[in-house]
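Undergrad: With my numbering, letter number 194 in the sequence shown gets 194, and the count goes up by one each step, no holes.
Simulated from the structure, these hints should not be mistaken for lab results.
Certain hints may be false.
No farther apart than 35 Å at their CA atoms in a straight line, the calculated lysine-lysine pairs in the DSBU-like style are these [said to hold, decoys possible]:
#1 K139 <-> K153
#2 K259 <-> K39
#3 K189 <-> K149
#4 K301 <-> K39
#5 K301 <-> K66
#6 K107 <-> K257
#7 K91 <-> K257
#8 K39 <-> K178
#9 K139 <-> K195
#10 K264 <-> K91
#11 K195 <-> K131
#12 K301 <-> K131
#13 K189 <-> K178
#14 K189 <-> K91
#15 K91 <-> K105
#16 K107 <-> K97
#17 K257 <-> K51
#18 K107 <-> K259
#19 K139 <-> K97
#20 K189 <-> K51
#21 K39 <-> K189
#22 K64 <-> K131
#23 K66 <-> K257
#24 K131 <-> K153
#25 K195 <-> K66
#26 K149 <-> K301
#27 K51 <-> K64
#28 K66 <-> K259
#29 K189 <-> K139
#30 K139 <-> K259
#31 K66 <-> K139
#32 K66 <-> K131
#33 K39 <-> K66
#34 K97 <-> K264
#35 K64 <-> K149
Here are the computed distance ranges between Cβ atoms for each label pair [unchecked claim]:
#36 T232 <-> Q135: 37 to 43 Å
#37 E148 <-> Q209: 23 to 29 Å
#38 D49 <-> A196: 18 to 24 Å
#39 A308 <-> D197: 42 to 48 Å
Built from N, CA and C at the ideal position, the CB exists for glycine as well.
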Amino acid sequence: MKNTIATALFSAVLGFAGAASAQDMVFTSWGGTTQDAQKASWAESFTADTKINVTQDGPTDYGKIKAMVEAGNVNWDVVDVEGDYAVQAGKLGLLEKLDFSIIDKSKLDPRFVTDYSVGSFYYSFVIGCNKDAVQACPKTWADLFDTEKFPGKRTFYKWSAPGVIEAALLADGVPADKLYPLDLDRAFKKLDTIKADIIWWDSGAQSQQLLASAEAPFGSFWNGRLTALAQTGVTVEMSWTNNITAADSLVVPKGTKNKEAAMKFIAHATSAQAQASFATATGYAPINLESNELMDPELRKTLPDMQADTQVNANMDYWADHRDEIGTRWYAWQAQ
Numbered sequence: 001m002k003n004t005i006a007t008a009l010f011s012a013v014l015g016f017a018g019a020a021s022a023q024d025m026v027f028t029s030w031g032g033t034t035q036d037a038q039k040a041s042w043a044e045s046f047t048a049d050t051k052i053n054v055t056q057d058g059p060t061d062y063g064k065i066k067a068m069v070e071a072g073n074v075n076w077d078v079v080d081v082e083g084d085y086a087v088q089a090g091k092l093g094l095l096e097k098l099d100f101s102i103i104d105k106s107k108l109d110p111r112f113v114t115d116y117s118v119g120s121f122y123y124s125f126v127i128g129c130n131k132d133a134v135q136a137c138p139k140t141w142a143d144l145f146d147t148e149k150f151p152g153k154r155t156f157y158k159w160s161a162p163g164v165i166e167a168a169l170l171a172d173g174v175p176a177d178k179l180y181p182l183d184l185d186r187a188f189k190k191l192d193t194i195k196a197d198i199i200w201w202d203s204g205a206q207s208q209q210l211l212a213s214a215e216a217p218f219g220s221f222w223n224g225r226l227t228a229l230a231q232t233g234v235t236v237e238m239s240w241t242n243n244i245t246a247a248d249s250l251v252v253p254k255g256t257k258n259k260e261a262a263m264k265f266i267a268h269a270t271s272a273q274a275q276a277s278f279a280t281a282t283g284y285a286p287i288n289l290e291s292n293e294l295m296d297p298e299l300r301k302t303l304p305d306m307q308a309d310t311q312v313n314a315n316m317d318y319w320a321d322h323r324d325e326i327g328t329r330w331y332a333w334q335a336q
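Assemble the whole structure, with the sequences as input and the hints as a guide.
TA: The structure is reproduced here in structure tokens:
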């Protein structure tokens, strides 16, 4: 998962973040183009409105959150995390309850709201293909698992998280409304059929490189990464059939020294305009229900929230309850 990135990086960046004054706050995310867009779409306008400086830190690390909370020395105020982790961490007492007198949750997609978290943005795992590199592109998850009709390497997300297991079960004929509880035996049996043909991607940038170079001419991708890749001139074909939605969430670690500022930041980041700006920059869907009205109609057509006909919503509660169990089996299977 994302938080396995080497923690050595943190000691350096955390020293800078820890130096933030009481009038400042620290926002932590995954880095790269996503955090660049969060800074431009959320943090800069928040500072302009409130005069509260937002220091950027990252990448997100779940072990770091746990260690800071347990030590009573929390240096991160708002953190962008995976949706299933947000649910799990809330249950484990690692997060502050959100103040919905400051954050207007009535405007937010209820799928991504809990007592301890609200959506940051949501995305879909979709089937992507470098159209110039192959004779035909897969349209369904079953196609992507069919190495006879679609020979060659395919790429999937490396870490244990919602997406790949669901895709394997859908490819094996499980109806979308019967995915949960996940049949892990069936999923891994299906994954075994293409294991030798999988190249794993561990970051959005790597997924783009694999597709652009045609080292893996098709696979499962975050939709925004395909949108961005197409803008560079790569002939990308994207299939939204049974696109699998998941979300990042915004959370506040328990014991933050800047709780009120954190709540105000989340209120701003999830506002209609801030979400619309971020969605426009990234191709990920806004979680504010009023954001679409502020966006270009043509752009909206490319976002996950406009692809609902065959959409499959990953069950974050299920993943939160089984996150460790699935992860243990996932990494043992990959190592075989």
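Undergrad: Against this structure, judge whether each hint is valid.
TA: Evaluation of the provided hints:
no., hint, in the structure
1, K139 <-> K153, "holds (16 Å)"
2, K259 <-> K39, "holds (19 Å)"
3, K189 <-> K149, "holds (20 Å)"
4, K301 <-> K39, "holds (25 Å)"
5, K301 <-> K66, "violated (39 Å)"
6, K107 <-> K257, "holds (27 Å)"
7, K91 <-> K257, "holds (21 Å)"
8, K39 <-> K178, "violated (39 Å)"
9, K139 <-> K195, "holds (20 Å)"
10, K264 <-> K91, "holds (23 Å)"
11, K195 <-> K131, "holds (23 Å)"
12, K301 <-> K131, "holds (21 Å)"
13, K189 <-> K178, "holds (18 Å)"
14, K189 <-> K91, "holds (32 Å)"
15, K91 <-> K105, "holds (20 Å)"
16, K107 <-> K97, "holds (18 Å)"
17, K257 <-> K51, "holds (17 Å)"
18, K107 <-> K259, "holds (22 Å)"
19, K139 <-> K97, "violated (42 Å)"
20, K189 <-> K51, "violated (55 Å)"
21, K39 <-> K189, "violated (42 Å)"
22, K64 <-> K131, "violated (41 Å)"
23, K66 <-> K257, "holds (16 Å)"
24, K131 <-> K153, "holds (14 Å)"
25, K195 <-> K66, "holds (34 Å)"
26, K149 <-> K301, "holds (30 Å)"
27, K51 <-> K64, "holds (28 Å)"
28, K66 <-> K259, "holds (17 Å)"
29, K189 <-> K139, "holds (22 Å)"
30, K139 <-> K259, "violated (46 Å)"
31, K66 <-> K139, "violated (41 Å)"
32, K66 <-> K131, "violated (44 Å)"
33, K39 <-> K66, "holds (25 Å)"
34, K97 <-> K264, "holds (14 Å)"
35, K64 <-> K149, "violated (45 Å)"
36, T232 <-> Q135: 37 to 43 Å, "violated (23 Å)"
37, E148 <-> Q209: 23 to 29 Å, "holds (27 Å)"
38, D49 <-> A196: 18 to 24 Å, "violated (53 Å)"
39, A308 <-> D197: 42 to 48 Å, "violated (31 Å)"
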